[in-house]
Structures are given as structure tokens and as C-alpha cells.
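2 protein chains.
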Amino acid sequence: MAAQPQRTSARNVLFIMCDQLRWDYLSCYGHPVLHTPHIDSLARRGVRFDRAYVQSAVCVPSRMSFYTGRYVASHGTTWNYVPLSVAQVTLGDHLRRAGRRATLAGKTHVIPDRHGLMRLGIDPDSDPGRLLLGGGFEQLDRYDGHAPPGPESGYADYLRSHGYTGDDPWNDHVVGALDEQGEPVSGWYSRHAHLPARVREEHSETAYMTDRAIDFVRQQGDAPWVLHLSYIKPHWPLMAPAPYHAMYRDSDTGPIVVADPRTENAHPVLEAYRRAHEDCVSHQDERFVRHVRPTYMGLVKQVDDHLGRLFAELQRLGRLDDTLIVFTSDHGDHLGDHGLGEKELFYEQAVRVPLIVVDPSAAADATRGTVERRLVEAVDVLPTILDALGLDPARHLVEGESLLPLLRGEPPAGWRDCAFSELDYAFRGARTHLDRHPGECQAWMARTERWKYIHHDGLRPQLFDLQEDPQELVDRGDDPQLAGVRREMRDRLADWQLRLKRRTGVDHDYIASHTEYQRKANVLIGVW
Amino acid sequence: MAAQPQRTSARNVLFIMCDQLRWDYLSCYGHPVLHTPHIDSLARRGVRFDRAYVQSAVCVPSRMSFYTGRYVASHGTTWNYVPLSVAQVTLGDHLRRAGRRATLAGKTHVIPDRHGLMRLGIDPDSDPGRLLLGGGFEQLDRYDGHAPPGPESGYADYLRSHGYTGDDPWNDHVVGALDEQGEPVSGWYSRHAHLPARVREEHSETAYMTDRAIDFVRQQGDAPWVLHLSYIKPHWPLMAPAPYHAMYRDSDTGPIVVADPRTENAHPVLEAYRRAHEDCVSHQDERFVRHVRPTYMGLVKQVDDHLGRLFAELQRLGRLDDTLIVFTSDHGDHLGDHGLGEKELFYEQAVRVPLIVVDPSAAADATRGTVERRLVEAVDVLPTILDALGLDPARHLVEGESLLPLLRGEPPAGWRDCAFSELDYAFRGARTHLDRHPGECQAWMARTERWKYIHHDGLRPQLFDLQEDPQELVDRGDDPQLAGVRREMRDRLADWQLRLKRRTGVDHDYIASHTEYQRKANVLIGVW
Numbered sequence: 001m002a003a004q005p006q007r008t009s010a011r012n013v014l015f016i017m018c019d020q021l022r023w024d025y026l027s028c029y030g031h032p033v034l035h036t037p038h039i040d041s042l043a044r045r046g047v048r049f050d051r052a053y054v055q056s057a058v059c060v061p062s063r064m065s066f067y068t069g070r071y072v073a074s075h076g077t078t079w080n081y082v083p084l085s086v087a088q089v090t091l092g093d094h095l096r097r098a099g100r101r102a103t104l105a106g107k108t109h110v111i112p113d114r115h116g117l118m119r120l121g122i123d124p125d126s127d128p129g130r131l132l133l134g135g136g137f138e139q140l141d142r143y144d145g146h147a148p149p150g151p152e153s154g155y156a157d158y159l160r161s162h163g164y165t166g167d168d169p170w171n172d173h174v175v176g177a178l179d180e181q182g183e184p185v186s187g188w189y190s191r192h193a194h195l196p197a198r199v200r201e202e203h204s205e206t207a208y209m210t211d212r213a214i215d216f217v218r219q220q221g222d223a224p225w226v227l228h229l230s231y232i233k234p235h236w237p238l239m240a241p242a243p244y245h246a247m248y249r250d251s252d253t254g255p256i257v258v259a260d261p262r263t264e265n266a267h268p269v270l271e272a273y274r275r276a277h278e279d280c281v282s283h284q285d286e287r288f289v290r291h292v293r294p295t296y297m298g299l300v301k302q303v304d305d306h307l308g309r310l311f312a313e314l315q316r317l318g319r320l321d322d323t324l325i326v327f328t329s330d331h332g333d334h335l336g337d338h339g340l341g342e343k344e345l346f347y348e349q350a351v352r353v354p355l356i357v358v359d360p361s362a363a364a365d366a367t368r369g370t371v372e373r374r375l376v377e378a379v380d381v382l383p384t385i386l387d388a389l390g391l392d393p394a395r396h397l398v399e400g401e402s403l404l405p406l407l408r409g410e411p412p413a414g415w416r417d418c419a420f421s422e423l424d425y426a427f428r429g430a431r432t433h434l435d436r437h438p439g440e441c442q443a444w445m446a447r448t449e450r451w452k453y454i455h456h457d458g459l460r461p462q463l464f465d466l467q468e469d470p471q472e473l474v475d476r477g478d479d480p481q482l483a484g485v486r487r488e489m490r491d492r493l494a495d496w497q498l499r500l501k502r503r504t505g506v507d508h509d510y511i512a513s514h515t516e517y518q519r520k521a522n523v524l525i526g527v528w
Numbered sequence: 001m002a003a004q005p006q007r008t009s010a011r012n013v014l015f016i017m018c019d020q021l022r023w024d025y026l027s028c029y030g031h032p033v034l035h036t037p038h039i040d041s042l043a044r045r046g047v048r049f050d051r052a053y054v055q056s057a058v059c060v061p062s063r064m065s066f067y068t069g070r071y072v073a074s075h076g077t078t079w080n081y082v083p084l085s086v087a088q089v090t091l092g093d094h095l096r097r098a099g100r101r102a103t104l105a106g107k108t109h110v111i112p113d114r115h116g117l118m119r120l121g122i123d124p125d126s127d128p129g130r131l132l133l134g135g136g137f138e139q140l141d142r143y144d145g146h147a148p149p150g151p152e153s154g155y156a157d158y159l160r161s162h163g164y165t166g167d168d169p170w171n172d173h174v175v176g177a178l179d180e181q182g183e184p185v186s187g188w189y190s191r192h193a194h195l196p197a198r199v200r201e202e203h204s205e206t207a208y209m210t211d212r213a214i215d216f217v218r219q220q221g222d223a224p225w226v227l228h229l230s231y232i233k234p235h236w237p238l239m240a241p242a243p244y245h246a247m248y249r250d251s252d253t254g255p256i257v258v259a260d261p262r263t264e265n266a267h268p269v270l271e272a273y274r275r276a277h278e279d280c281v282s283h284q285d286e287r288f289v290r291h292v293r294p295t296y297m298g299l300v301k302q303v304d305d306h307l308g309r310l311f312a313e314l315q316r317l318g319r320l321d322d323t324l325i326v327f328t329s330d331h332g333d334h335l336g337d338h339g340l341g342e343k344e345l346f347y348e349q350a351v352r353v354p355l356i357v358v359d360p361s362a363a364a365d366a367t368r369g370t371v372e373r374r375l376v377e378a379v380d381v382l383p384t385i386l387d388a389l390g391l392d393p394a395r396h397l398v399e400g401e402s403l404l405p406l407l408r409g410e411p412p413a414g415w416r417d418c419a420f421s422e423l424d425y426a427f428r429g430a431r432t433h434l435d436r437h438p439g440e441c442q443a444w445m446a447r448t449e450r451w452k453y454i455h456h457d458g459l460r461p462q463l464f465d466l467q468e469d470p471q472e473l474v475d476r477g478d479d480p481q482l483a484g485v486r487r488e489m490r491d492r493l494a495d496w497q498l499r500l501k502r503r504t505g506v507d508h509d510y511i512a513s514h515t516e517y518q519r520k521a522n523v524l525i526g527v528w
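Sequences listed follow chains A and B, in order.
Read left to right, the first sequence gives residues 1 to 528 (the working numbering).
Read left to right, the second sequence gives residues 1 to 528 (the working numbering).
One thing to keep in mind: the hints can contain errors.
Simulated crosslink set (SDA-like; lysine to any residue; CA at most 25 Å straight-line) [what the hints assert, rightly or not]:
1. A:Lys501 <-> B:Ser85
2. A:Lys520 <-> B:Glu152
3. B:Lys501 <-> A:Leu498
Simulated from the structure, these hints should not be mistaken for laboratory data.
All chains should be modelled from the sequences, with the hints used to inform the complete structure.
Rendered as C-alpha cells:
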């Protein structure tokens, strides 16, 4: 007789996130050139989720879905400039209720709800204030990247202490290079992507944050911990330290996915992105793409190498045996595919991410090294962590599902057959290009095994047949033959919306104990 | 040439709410027996809205929609035991941002979010804490009714000072009576509804709260004010002071609307209400209904008489000339119609309310005494108040529409042609009767000129043809001939859901000024 699976054997959690890492830029996900043995080792020891979707292909809304376990429509942070409401309950809050802490090393991109704090009279410098402004994490070292590190990070002092002086060592050295004439140039300009950053590799952002994680894990000793190690790479500025700047060549960068404009049936929002956004225009030039992709690959390779360092240290400390490890990204990067740069919209390059989970429990032994093709979502990560630690799943708030049953070979009946993602382009030039009001810029994706349907507020929908057209080259959003498919997908979207969890103020136990409570409270209604 | 309408002539706002007042129990709404001349006088001086719908036929969710201008799906307070999240921005908050105050006399039924305050480290006894717990109102006298008045009200002391002694003067006198044998009996038992309350009429709840309003208005002098006068009647306990207890007779109580069970096609949720809820079972007995309706009518009559006192005082003070007056109710009462007591569900008796608005501006002169048949909703009251006072409409938060254009004869093109309301029966016996999970008990109404469609989570929809069947006696929710109508109504519901305002953390001006802001912030993306 097999023993009952032990569901709470993980003592620690290592939740690793990369920024803007495409699902297919890892060797375990099939990249033909980019070899990532350390991330691949996670896939060997755990389960690699082949169809993992983020709730938004934009940093902040996607991350807030990871940190709350709730869809964007529920947490309300629809884009990068929208604060996380102080009312949202995060991973840190859930852990704190159980006497545990969520520690951060790296990026969260939580936009502080300072207006909310002011309205509520909460001192931003108080303990609750700091936690709220940080999205519930205790910030070992917070560094959101793509700007000089602020006071929440030790990186600026670190750089100075290692001899990187000047007013702005980050711009000068970390994303700065010397050109062929020895003149200082900035990595903000993509034409310099082939140059090595002036920072030494061991002092780069990825190295520094890995050091913080290693220090933290060592210091914890045998005390349990939950660490969110959140790299800011391979996000731009695309400038890698030596030797990663020169590890890949133009010829390694593979095909660029471009639809035939005669058959593509490009949607107005897609066209607006292509025309109104500088990053898209630049990525429509193949030379630009071939120039930046090698650096992107180098930055991924660098992350993998540093994860190798971290995993070796975890092994030395015995922590691989009692730590749940989650590896993922907040969204992908078009890297020139579909005539787009950056992310947003709903192409696989943007909304699909790598997701690998290693469950140390013996109950998960049977699935190690397997690939799970069921649809999973970013909102599943928080309930997976709570489940692994044996904590209250907070079903009245959390909209994702624990992945542990999948990891333990006990997939529940009726696992989701549709994944959802959202877009709000109000802050983008596409809005003004299309002359739309800030309240009319939302779009929603519903993706099933075969179909990807995108509903646009006030504009026609998009539809891709992922079976016949896996590269999403033909938009069948107004194909009369597929009206029935669009009908069914729209209903799926409507059902999902109706069932979002808005009654967040009471939990299900409270409801059960207070059903028809008025009679117990001596309130007699309609009693003769 | 007509002068441009002056849109900000109201200096003060009197927002009057009754509790559980059916739309058709006023003479200006056509009641044949119940004469309410003072409320009718508002209809003569303003506009009577004939099709006003609340966002929920339950006290707390309905009121929170009035106080936030947001649908229940947006504010999340789906039933009477669910707190109003501290994150919700209320009428009081909107006024306070403009240096004004919202003063309360009476009931709000705001369920304090004490858990939220604790999580945020806010002292409930601080000024912000008290405001948050009170839903943003400054509480002149808060009294939610149907329980002995608490410390937020002066009513308990008032009763004692007027000689109503004992441990519980409210239960003993206000909703207590002496029966035919001179024995004290409780108004909680409907069989005593014909008895006069022991309290003298001038010391009753309705009289007391009217006195508070009159005192307040006098004390304000010429300073502008916003007063929410919120009566707890004609809500149960159904016990009226003399002479109102005996003003109407069984024969005045009109027909009882009962469907033919052979043709009704009763929905499972309706059946569950009828079977599992004591108040519904009791109201299925005609004798019960005939016994309680006269007292309900007496309590309405009493409110009308006291409003006459208040209006006379406003006139004496000159305040009728510069005060926007809103009169409405939080929901109706089935009073035995459809085999139901109380409220909830979506029959006109429950979701349709009286709504009269008097705009003192000369711009509204042309509509005085008219009846407006366009669909309006509870969420429209807050934007109407903000509009009348010339304040920021907060369009990123507020989901209702100002009624001022309708009052001023300038109806905007494309006024809504569908009203929405919501139900969450998780706390009701209907849930356990139907063996449903607390997360599966929501229902949503979409009501157009002709149709009332009700979508139930996990159960078949309901559909009523209000043109052919204005009494809602035949549920056509599974009539194959009307599949197309249900299809269209479901899509209306889906469109409404998708467009709810969830991005509440930034306003539209902020979005406009921060569109493509990254370039201004020296973040270069995809620049060669």
C-alpha cells in the first residue's frame, strides 16, 4: 500500500522570476541554440508546464496576479502606472497571517498606492505603511531595474564600494559601454547592444541579486523561509557584461515570425501598436532584431549560470530537499515577431511563459522530469505556495488553483480548459492613434486547446486557430464561418467574468456559520 | 435667447432614503388608498422617475451602490453581512476632497471593515478610522434600526429622557405594544402588527430622526450642507404608533399578486426562497398579508407626515430654493406578492423603487412635475449630487450617470436602455436548500424596455416579458421560442460586466498626462 502523499513537506519556497523571458528561450523549452542547463535541471527534478499563461503581458498587472492569485479584473492594476490597491491581499499577507514572511530580493514593480495610504491616514514610514507600499514583501533588497537603484536596494552602494564611482554608476557602467572609439555610450540605445557593459560580470545586476539570495539562504540556517528572487533580466536595456555580450551571433537568432499582410487581416489595435509605438517600428527592421536578440540570449544565459551557483549552494545546505522551487517569468518579448517589439497584446511570444515547479515531497516523485500540457496560469502560483506550506487557501480571494495535485499525479477532474489574459492600452500611444477614451481600451483573451479569442471593447474581436495556425498568422476574428466559435468563446469569457471573486470581505467559513444568522441574532422576520 | 442653464445652483443636498419602501406605495406612484401629499409635493416640484432600479434588492449592497455610485460587482459588498472595503470611495470621500462634508442622520447599514482596518494598522477610534467604519459619513446620529439604538445614536438617551425607562426602552416601547389583555407584546411578532406601539408618536423613530434633520438644517444657517436623512421605516418590525397603527384597514390593502402554479414555471431559486425562508412561508397566507400591509401603509404615511414638517421648515428657512432634494428607497418589499415576503430576487416589487429629484436650478423649471420613464439606477444618485454641486465627477470610479441632464430637459443621446441588479444568496437558507457552495450563489438581472432577464450561476436563466406579462407571472427562461432574446440579454449582461470600472487607482486626467510617459521619463525602448 502506498502511503498517503504528504502534502506539506516543503519548508521553504524559492520563487524565481525573470523579467520578460520568452517561454521558448530555454533549452528545456526547445531553444536550439541557447543552452540553459541549470534551469533545465529544475525541469528534470520537477514538472515543466508547457502551457503557462500570464494574466497580462505587461509587467505590473502580471506580477500583481502572481502576488495576489487574482486576475487583473479583480486586482484592478491594469497597467504599469496603476498602483496596487491597499485592499488587495498579497502572498506576504497570506504568509504573515500564518506567522511567516515573504522576503524579496529583486524586482516586484509594485506601484505604491500612496494616494490610498493618504486617504486612509496611514503613515508610509510606519511598518504597515512600508509593507503596503511594497506589496506585502519584506524587502531584503528591492530593485525594479531599468533605472538607477534606489534606497530600497544596496546595489548603488555595492557598485561604489567596488570602484564604480561617478554620479550614476548604474547608467555609466551597468548599462553603459565604451564604443569602438573608447567613448562612453548608453545601453538604452539598441545600436550598442553588441558592446560589453563596463560593469564586471560578477558585479552585474544578475550576479548581485544572486549573491543576495545566497547570503539570505545561508543566514536562515534551519529556519524556514520564503524568498522571491526576482531578476530584472533579460529585460532591456539590452546590454550584457562580458562574456555574455558576445556569446551568441546573429546566425543563432532563428526565424522572425512575420505574417503575410495579404492574408493576416490585421486588427486595428495590432496596427496601432505597429504604427504608433517606437519599439514596434524599430523591430520591424530585421537588422535591428538580429542585433538585439544575441544580447537577449546572453542575458538569459547569464541568469542560468547564476542560478547554477544558487542551486549548488542550496544543495550544499540541504535545501534542495525541503524547498519548493518555482521558476517563471512575468511575460515574454516579441523580439520582432509579428512586427512587434516588447510585449502586450496576446501572441504566444508575450502571454506564454516558462513555468517549472519542483516539489520536494516524495509524493511528487512520479512526475519528476515530466511535461504537463494542461493550461495553467500565473494566478496558480500563489495557491501552489500556500498549498505546499499547508496554509489556508483563502478560497474567497484566490482565483487560481494549486498546481500540487498536478505535481503529485492527482489531477482533479475538471481542470480548466481555458486560460484568460487581459490588456489595457489606455496609457499607450495606440489609444491616441485610435482616438479612444481611456475607459474604452480593454481587451480580454480566452484561450482553449484550439482557439485563442480576443474580445476588444468597441472593436471587432480577434480569433486564431492554434491547431491550424499555431504561429497566429491569420486573424479569423471576422470570418463568417467561425461565428459559432466566437459565440462560444465570448460566452466562456462572460462566464469567467461573472464568477470573479468580488465578495472579498468575508470567507466561506464565515458565510457557512452566518447563513440565516438573523434568527440567531433575535431578528424575527415574517414570524407570526 | 434662453440663458445657458446654470449647472451649479444647488448649495445644499437633502438625500432622503426610506427603508424597504415599495415603488408603488405612494400616491404619486398611483397607490389608490395611501395618500402621501408631502412626497407628492416633491414630484410636483421636481421629476418623478418611474423606472428607477436598485443595484440589489438587499439593504447593504443596495445602499453601498447609492453611496459609491458603483455596481455591486464593483464595490463587492454583496449582502448584508459583507463589510464595505476601506478601499471604496464614498459620497463622503468625494465631498471631503472638495472641502465639504456628508452628514448622516439615520441609517446607512454600512458594515464596518474592521478586519481591513486591523490589517492596515488603522486605529478604529482615530478620525480616519471612524470615517472609514461609517462609510465616509460624519455621523450626526447613526441608527440602523431593527435593534436597540447604539452609542452612535442619541435615540436611547432621548427615549430615557422622555420617560421610557427600563433596560431596553426600544424593544419595550418603540416596537413593543400592550395586547388586548394589557400584556406587553413584541412587534417582532407580526400577529401584533395591528396594535399601537407604546411609544408616543412624537417620540417614535421617524419623528426623532426628522427632529435631528430639522435641528441640523437650522444650525447650519447659511453654511452649505449635504444631509443624508435615512429613515428606517417602513422596514419591519411592523409596529406603528397611534394613530398610524389603525389608519388603514384590511380592505385597503389591494390585490395580492400570485402566479398560477400550472403556468408559472417557477425557477429553483424562487422555489427555494418560498420553501426555505420563514418570511416567505408566512406571507403565503393571505391572512398574514392582510394583517401586516395596513401597518406598513401606516408607517409610510407617518414618514410622509414628518417630511411635511421638514419641508415646511426648509421653506421657512428659504432652503427649498437652494437645495437639491433626492427622495428614494433602498429596495421594495414583496408584501406577499409572488408568494414571497421581504425583498431579494428581482421582481418589480423588490428592485424598483420610488425616486424623485428636485433640482432648485432655474434650468430645471421646464421639467417640474413631469414623469421620466427612462431607466435610471441607484448608482445615478451620487453622480447627480456631485454634478449639482459642481464637483469632480470622478469618472474613473463612478459607474452611474448624473440625472441632471434629464432634469434640465437635455437628455444625452444614448441614455442607457438596460438596468442591472445583482443577488448573492450565499447567506440565505436557499443556498443550503439547493445544496450550493457559497461561491455559486450569484444571479444578475438585465432589464430592458421589454425584457427582464436573470442569469443564475449554474442554474437556468429566468426571463419575463414585461410587455405581455407586466406582473411577471410566467417565467419564460427555458421557452425555446425566446432563445434569441435570452442570447441578446446575456450579451448585454456580459458587455456590462466587461466594462465595470476596476482600474480605480488612477483617474482619466492622469492617464492622459501619462500616455507614452516612459519617453518623458528617459526610458528608451527599442530605440536604435
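Going through the hints against the structure:
1. Distance check on the hinted pair: Lys501 of chain A and Ser85 of chain B sit about 14 Å apart at the alpha-carbon level, within 25 Å; holds.
2. The hinted pair formed by Lys520 of chain A and Glu152 of chain B meets the criterion: a straight-line CA distance of about 24 Å does not exceed 25 Å.
3. Restraint check for Lys501 of chain B and Leu498 of chain A: the C-alpha separation of about 14 Å stays at or below 25 Å, so the hint holds.
Taken one by one, the earlier hints all hold for this structure without exception.
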